[in-house]
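Listed here are the chains, written in short residue letters.
Protein chains: 2
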Amino acid sequence: MLNFDLYNPTQYVFGKGQTQKLTTLVPKEAKILLAYGGGSIFKNGVYDQVKAALDGFEVIEFGGIEPNPRFETLMKAVEIIRAEKITFVLAVGGGSVIDGVKFISGAVNYEGNPIEILKKKVLFTDVTKVIPFGTVLTLPATGSEMNSGAVVTIEATQEKLTLGGSALFPKFSICDPTVIASLPKRQIQNGVVDAFTHVMEQYLTYPHDALLQDRFAESILQTLIEIGPSVVENPSDYKLASNYMWCATMALNGLIQKGVPSDWVTHMIGHELTALYEIDHARTLAIIGPNLYRVLFETKKEKLAQYGERVWNITGNSVEDKAEKAIEKTVDFFHQMGMKTKLSENTTNYENTADFIVNRFDERGWKALGEKQNVTLEKVKAIVEMSY
Amino acid sequence: MLNFDLYNPTQYVFGKGQTQKLTTLVPKEAKILLAYGGGSIFKNGVYDQVKAALDGFEVIEFGGIEPNPRFETLMKAVEIIRAEKITFVLAVGGGSVIDGVKFISGAVNYEGNPIEILKKKVLFTDVTKVIPFGTVLTLPATGSEMNSGAVVTIEATQEKLTLGGSALFPKFSICDPTVIASLPKRQIQNGVVDAFTHVMEQYLTYPHDALLQDRFAESILQTLIEIGPSVVENPSDYKLASNYMWCATMALNGLIQKGVPSDWVTHMIGHELTALYEIDHARTLAIIGPNLYRVLFETKKEKLAQYGERVWNITGNSVEDKAEKAIEKTVDFFHQMGMKTKLSENTTNYENTADFIVNRFDERGWKALGEKQNVTLEKVKAIVEMSY
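Read top to bottom, the protein sequences are chains A and B. 335 is the number that the UniProt record's numbering gives to position 335 of the first sequence; each next residue is one higher, with no gaps. 109 is the number that the UniProt record's numbering gives to position 109 of the second sequence; each next residue is one higher, with no gaps.
Incorrect hints may have been included.
Because identical chains share one entry, a pair is satisfied inside a single copy or across any pair of copies.
[Stated by the list, open to error] No more than 20 Å apart at the CA atoms, straight line, and that leaves these computed lysine to any residue pairs for SDA-like:
1. LYS21 <-> PHE4
2. LYS171 <-> GLY254
3. LYS31 <-> ASP362
4. LYS381 <-> ALA368
5. LYS171 <-> THR24
6. LYS16 <-> ASN3
7. LYS120 <-> ASP362
8. LYS381 <-> ARG364
9. LYS16 <-> LEU2
10. LYS171 <-> ASN3
11. LYS28 <-> VAL127
12. LYS129 <-> GLY112
13. LYS367 <-> GLY112
14. LYS16 <-> ASP209
15. LYS21 <-> LEU2
16. LYS342 <-> ARG294
17. LYS121 <-> GLY365
18. LYS85 <-> LEU54
19. LYS171 <-> THR128
20. LYS171 <-> THR125
21. LYS171 <-> ARG215
22. LYS239 <-> TYR206
23. LYS367 <-> SER262
24. LYS21 <-> ASN3
25. LYS21 <-> ASP126
26. LYS239 <-> GLN306
Don't read these hints as lab results, they were simulated from the structure.
Please build the complete structure, drawing on both the sequences and the hints.
Encoded structure:
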């Protein structure tokens, strides 16, 4: 097991009716920026619940944070916070709103041009230099409600870049699974596949000595497989909704990655597909993941076989046989979750995608990726081309 | 799934050589009380590592915190802290030392007689009113390094009582699995069984909707079964030692209990056996646990069957058949871990134990215990008598 440091101070408040706890979770005397996205919170009742719980607080609203939140949009919120002397930000939404608020939290007091936060991967470790924030989660998927990382897109250059640091954990996150009942099917499908792939990025590497983490990862995968297709059809079933929401958080709150190698190449390539073609994040992962496993088969086959045996109850004559079946099971699951796993099914004019992505990685100096640093640009090209 | 609130701000620093990080983890300018137990830290090298890392800090030492730490002993440390104006306590030891330091942390500024902390179950929720503390773990077992609860014994009345509250999380815990190499076999045996039973208390209740928590609990049980017997024989094997240490923390750091019912009657009865006869804590659990499952068979048989199937790969003709086999597997495992599972194998003059414990519970007003509040005093009597 690799050495690790586990620290996660977010107060995670889970269950029916928990939004009313905002009243005591938000700091007394706070002047609040209520940040949200496209306005679904006005239809699903969450806005009313939040406003009721914040009765008596001074609240300024900032809507319109888009899916794949834009640097350009977020900077408008930064200006409002500076001008209005806001002391606390409440993110009400899914991963995009929460990611956007993490950027805002870090940018307000940043000395220098905030675009550097993304370009130079600034790490925020001093909680006194960021604006504190909490979240009310409305779409389980990214785990952003209980981690300190975020992804933000620069509109001008079509780049999706990351930021983070221990100062960017939410102070609290309220997760009420009943919000899932009003989500469009497509968002639930995306959420389950996003969470599933988060686990795969941290698990599907090679066999190692971290026995418990492997089992935890397999536990999340098994549960997502068990409830994924049903929660799309029955999102108001509390058993299904609560397990989906909790799995999505546990998939990326840092726990299962402790002490183990991780991959993340599926995300690196997927981010480019979203930046280029606006394909939903989860759908890019479903396109790329299985082809990554195919191109990296020799590197990953032992872990694929373990995954096949333990998660899918696959039997087979050899490691290779089990590993191949495990990839096919994964693709079948993605199809069952409504994903189209070819790039050509998701966009047109994709012929130069592989070259474009390889050039972009090359420009960033990325030569070798993945848990063994053996995913060369040649392999990236092969993965993307296999995905056409 | 039940509503829950997950909050755990302990910085958990795991791995080889991590003790040197004390230098930066302890607050600058801190005046430190270094609390330890019977002196094993002088033999296993931990004391030297700690002192080296604390070079430059003002340190006062307080040794002699006993297994099942005594209120009377801990109050001596409280007096030293008050007299010497100590600002930080470092617990170097196992669960007893850490539990003792939690009591010390709360008692220093307690207004009133500190014995009330135990007698009245005072809850500590204000971090500004306790003395901050960190830990260097030398014996994996209790999970105290990453939770906010503790058990302290009042010598005068032979009572083992609990305390806790969100202000009593360690600021940090350093967990280096190489310390396990120098532990006596008996302590490793105890540690594995203690961690195993912690999981069982939170898992072995009845079937419910918290699918992921069940799988997490089963993951810890499976891993302890996989590595338990071997780590006793090969404590310097890092794979075994690291998985043991991490399992023991995860067994009782609060995660697996979120959203689920829990039992804890094995511990309630076990504590009395330790208070009465000084039987090692883990050994009391191995005596009581299986007999609790037998006496509560009708209540617990469905979950016992699930446990048997998933953790022990038991097949059987009926729920009852699988449940019975699961209990026997558990007893076999405890024997394999060096436990003697009858009270008569652990002490003499035990004939009045059942009546004594029932009277004590009755005096405390405990009438019905366990996850269904159906463990009456009559059943407690039956469990203890079955354990003779």
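For each hint, the structure was consulted:
Proximity of LYS21 to PHE4 under the C-alpha cut-off of 20 Å is restricted to the inter-copy arrangement: shortest distance 12 Å between copies versus 33 Å within a copy. Taking the closest pair of Cα atoms, LYS171 and GLY254 come within 20 Å of each other both inside a single copy (16 Å) and across two copies (19 Å). Taking identical chains as interchangeable, the C-alpha atoms of LYS31 and ASP362 are never at most 20 Å apart, the minima being 45 Å within one chain and 52 Å between chains. Proximity of LYS381 to ALA368 under the C-alpha cut-off of 20 Å is restricted to the intra-copy arrangement: shortest distance 12 Å within a copy versus 65 Å between copies.
Taking the shortest Cα distances, LYS171 and THR24 sit within 20 Å of each other inside one copy (12 Å), while across copies they are farther apart (24 Å). Proximity of LYS16 to ASN3 under the C-alpha cut-off of 20 Å is restricted to the inter-copy arrangement: shortest distance 7 Å between copies versus 37 Å within a copy. When the C-alpha separation of LYS120 and ASP362 is checked against a cutoff of 20 Å, the pair qualifies only within one copy, where the shortest distance is 17 Å, while the shortest distance between copies is 65 Å. Taking the closest pair of Cα atoms, LYS381 and ARG364 come within 20 Å of each other only inside a single copy of the chain (16 Å); across copies the shortest separation is 70 Å, beyond that limit.
For the identical chains of this complex, LYS16 and LEU2 are inter-copy neighbours only, at 9 Å across copies versus 38 Å inside a copy, given an alpha-carbon limit of 20 Å. Proximity of LYS171 to ASN3 under the C-alpha cut-off of 20 Å is restricted to the inter-copy arrangement: shortest distance 19 Å between copies versus 26 Å within a copy. When the C-alpha separation of LYS28 and VAL127 is checked against a cutoff of 20 Å, the pair qualifies both within a copy, at 18 Å, and between copies, at 17 Å. When the C-alpha separation of LYS129 and GLY112 is checked against a cutoff of 20 Å, the pair qualifies only within one copy, where the shortest distance is 14 Å, while the shortest distance between copies is 39 Å.
Taking identical chains as interchangeable, the C-alpha atoms of LYS367 and GLY112 are never at most 20 Å apart, the minima being 29 Å within one chain and 65 Å between chains. Taking the shortest Cα distances, LYS16 and ASP209 sit within 20 Å of each other only across copies (14 Å), while inside one copy they are farther apart (38 Å). Taking the closest pair of Cα atoms, LYS21 and LEU2 come within 20 Å of each other only across two copies (16 Å); inside a single copy the shortest separation is 38 Å, beyond that limit. Taking the shortest alpha-carbon separations for LYS342 and ARG294, only the intra-copy value of 14 Å comes in at or below 20 Å, while the best inter-copy value is 55 Å.
Proximity of LYS121 and GLY365 under a CA criterion of 20 Å is satisfied intra-copy only: 14 Å inside one chain copy versus 59 Å between copies. For a Cα distance limit of 20 Å, the shortest separation of LYS85 from LEU54 inside one copy, 18 Å, qualifies, whereas the shortest one across copies, 42 Å, does not. For the identical chains of this complex, LYS171 and THR128 are neighbours both inside a copy (13 Å) and across copies (18 Å), given an alpha-carbon limit of 20 Å. For a Cα distance limit of 20 Å, the shortest separation of LYS171 from THR125 qualifies both inside one copy, at 14 Å, and across copies, at 17 Å.
For the identical chains of this complex, LYS171 and ARG215 are neighbours neither inside a copy (29 Å) nor across copies (28 Å), given an alpha-carbon limit of 20 Å. Only between protomers do LYS239 and TYR206 lie at most 20 Å apart by alpha-carbon distance; the minimum there is 16 Å, versus 33 Å within a single protomer. Within a single copy, LYS367 and SER262 get their C-alpha atoms as close as 17 Å, which meets the 20 Å cut-off; across copies the closest is 51 Å, which misses it. Taking the shortest alpha-carbon separations for LYS21 and ASN3, only the inter-copy value of 12 Å comes in at or below 20 Å, while the best intra-copy value is 37 Å.
In this assembly of identical chains, LYS21 and ASP126 lie within 20 Å of each other by CA distance solely across copies; the values are 19 Å between and 27 Å within a copy. In this assembly of identical chains, LYS239 and GLN306 lie within 20 Å of each other by CA distance solely across copies; the values are 18 Å between and 28 Å within a copy.
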